[in-house]
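*Asks:* Okay, here's what each chain looks like letter by letter:
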Amino acid sequence: MLGQLETTYVQYLSPEGKLSVAGHAVWNQLSAEMKISFYRWMSFVRMFDRRSVILQRQGRIGTYAALEGQEAAQVGSALALSKEDWIFPSYREHGVAMIAGMPLSQIFLYWMGRVEGCKPPEGVRLLPPSVPIATQIPHAVGAAWASKLKKETSVAVAYFGDGATSEGDFHEACNFAGVFRVPAILFCQNNGYAISVPFSRQSASPTVAEKAKAYNFPGIRVDGNDVLAVYDVMKQAIERARAGEGPTLIEAVTYRKGPHTTADDATRYRPASEVEEWVKHKDPLTRYTRLLKAEGLLSDAEEREWEAECKAQIDSAIKEAESSVPAPPEHLFAHVYAKLTPNELRQQQQLRKRGGRR
Amino acid sequence: MKQLTMVQAICDGLRVALDQDPSVLILGEDVGKNGGVFRATEGLWNEFGDDRVIDTPLAEAGIIGTSIGLAVNGFKPVAEIQFMGFIYPAFEQIVTHAARLRTRTQGAFPASLVIRAPYGGGIRAPELHCDSTESLFVHIPGLKVVTPATPKDAKGLLLAAIQDPDPVIYLEPMKLYRSIKEEVPEGWYEVPIGKARKVREGEDITLIAWGTMVPVAEGAAKELEKKGVSCDLIDLRSLYPLDEETIIQSVKKTGRVVIVHEAPKTAGLGAELTALINEHAFLYLEAPVTRVTGYDAPVPMFALEDDFRPSVSRVSEAVQQVLAF
Ligand SMILES: Cc1ncc(C[n+]2csc(CCOP(=O)(O)OP(=O)(O)O)c2C)c(N)n1
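Each protein sequence line maps, in turn, to chains A and B.
If you count the first sequence from 1, position 160 lands on 160 in the UniProt record's numbering, and the numbers rise without skipping.
If you count the second sequence from 1, position 229 lands on 229 in the UniProt record's numbering, and the numbers rise without skipping.
Simulated from the structure, these hints should not be mistaken for laboratory data.
The structure displayed is predicted, hence computed values, not measured ones.
Possibly wrong hints are sitting among the right ones.
Distance condition first, Cα-Cα at most 30 Å in a straight line; then the derived DSSO-like pairs of lysine-lysine [to be verified]:
| hint | chain 1 | residue 1 | chain 2 | residue 2 |
| --- | --- | --- | --- | --- |
| 1 | A | 353 | B | 33 |
| 2 | B | 265 | A | 353 |
| 3 | A | 339 | B | 222 |
| 4 | A | 119 | B | 265 |
| 5 | A | 257 | B | 2 |
| 6 | B | 181 | B | 227 |
| 7 | B | 226 | A | 280 |
Covered stretches of chain B, going by a simulated chain A footprint (3 or more residues, C-beta under 8 Å) [as the list claims (entries may be wrong)]:
| hint | segment |
| --- | --- |
| 8 | 34-42 |
| 9 | 84-98 |
Under 7 Å between C-beta atoms, here's a sample of chain A residues computed to sit facing chain B [stated by the list, open to error]:
| hint | residue |
| --- | --- |
| 10 | 171 |
| 11 | 210 |
| 12 | 211 |
| 13 | 332 |
Yeah, the Cβ is synthetic: ideal placement off N, Cα and C, and Gly gets one too.
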């Protein structure tokens, strides 16, 4: 399946929650723990996301990039990674970040405009959100290259959107990845729009996946709202990478249910009927919950219990972030260099003495 | 005349240009159907159509590179870079080609285009959306760089930029997009590039500012007035070319200068202004030229941005120090 240029995509779980034949095979190989894990993470991520939007409305965090609708693409791909793997995200990958081990309170800090929120705990190989589009993709290729040079088994993944495929950085990263056959996964969440601009204005190719052909490595298109398919496709790409078989471009076809960020109004450019189709009929969490319930792996009571648990964790992370002591003004000089130059030291001293604001 | 905010005045300027000059094209990310993320192109796509108000792929080098080609072959592109912090993929195109094509083709194929970019902080924007890197462009011969501080200047400077035969970087202070409304003349009018605006006449000290820092310097001037200090406040408007005459005349009158900019201090435009004043008015100076600027650190995320950006009180303190020198 890998390497085929399909305009259709890999799908194991239909929007109605029914497994395909291939889906059954994948499903049967999953542990019960894994099966429930997909649900728990998707539901957790969604609750986090909805809460963040509310926090923004309340003025408790800044402009926020919601991911609702993209949970399966993020959870499915991130759960296929190991602790040793490197992650180079964009600004919408909170779900990936949590799974990688970024504490929730840190993620909140980031959206509160605090740089401390960029730093992952020891042992978490996650870079801060890359705000300039596509710029993180070459970094992932470089990190993957390093593991190859060091003969390590870790892979590196770059997360980016469909709009990012128009930037030179995307193409240069693909080219390096192909030329040096590095263990990188270029994971595109094609949610159909770059802010207001539809994919048809980004590219004359009908898909992102087919671009891999020109760089001579596999490109695979997957239903990004099908967590099982995303997980499986990602797992195969990671295995290929670890086996020294080079990079893979994955296009996860998905949809952001809400606006681009809390500062955007998506009704200006997306027809209501299209949004409704995705929200009502293609939702990644609804689909997977249906399957779990049909398989007798999740009850309504367990669902409520889990949601209560998520809420408690999110509440406590917000509390932690909001009660974290603000950095003093002179903190803006911390870490500018490994060792500050006399000029920075002098300015830092002035700022400390005078204080900021006012 | 209508009361307009700066962003409305910019939109009005673009509408007038599209209407009166058939060679004008608007291109950029989200400038069409969405009307721009700040609504600076609101309604223009509907009015002038997809061939003149163009949503491009997400690629700054592509936007500016193709604009250069469009310019060479007869159009007047007005390209939008969504935020100044995202202009860097196009840096090569701007520095190597837009700035030099006139020289390199000995006048045959100049790159006559306008690049609009919102810039500056103060609006709690996400990371990397708030830089003020005007100096990078002021430093490049062949480019003109302007930034308005009022709605009226915004429209007039924009039309002057569109009329200009050379590439103009037109920087839009986001913080001022909606903070002031004023009467803006209808139709085509120009605010000449290279002419500063006198915001206030004063005797004791010259304040020089531009863009987002004009209201800050003005706030300081008002505060100082109560203490009996009268400030001569210059809004540069044009960062390149500089209005040397207005600057030097003012310095000769007051003998004291405070320059205010949001960009970091080192190699900021304040350094150039200081050198210029030394060259032309050294003997008139009663005190060293002083700068109030952003610090020499990456523009912090918004929790610390108010500590980074010059404030009214920082400017007032600097003025008092200069007066006490
Ligand atoms: C280099 C660069 N140009 C422009 C922007 C402004 N911008 C922020 S997000 C965005 C659209 C990105 O779309 P896409 O890559 O599809 O990702 P999505 O937001 O849909 O996840 C744009 C144009 C930016 N952040 N970086």
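*Asks:* Please go over all the hints and tell whether each is borne out by the structure.
*Replies:* Hint-by-hint comparison with the structure:
1. 353/A - 33/B: Roughly 50 Å separates the two Cα atoms, so the pair is violated.
2. 265/B - 353/A: Holds, because 18 Å separates the two Cα atoms, which is no more than 30 Å.
3. 339/A - 222/B: 41 Å, violated
4. 119/A - 265/B: Holds, at about 27 Å.
5. 257/A - 2/B: 39 Å, violated
6. 181/B - 227/B: Roughly 29 Å between the alpha carbons, so the hint for residue 181/B and residue 227/B holds.
7. 226/B - 280/A: Distance ~63 Å between residue 226/B and residue 280/A Cα, so the pair is violated.
8. 34-42: Our answer is that it holds, as 3 residues pass the Cβ test (under 8 Å) against chain A, meeting three.
9. 84-98: holds (count 4)
10. 171: The hint is violated - residue 171/A has no Cβ within 7 Å of chain B, the shortest such distance being about 10 Å.
11. 210: Cβ of residue 210/A sits 17 Å from chain B, so the hint is violated.
12. 211: Violated - the Cβ of residue 211/A stays beyond 7 Å from chain B, reaching only about 13 Å at its closest.
13. 332: 4 Å, holds
In terms of the numbered hints stated before, the structure departs from hints 1, 3, 5, 7, 10, 11 and 12, listed from lowest to highest.
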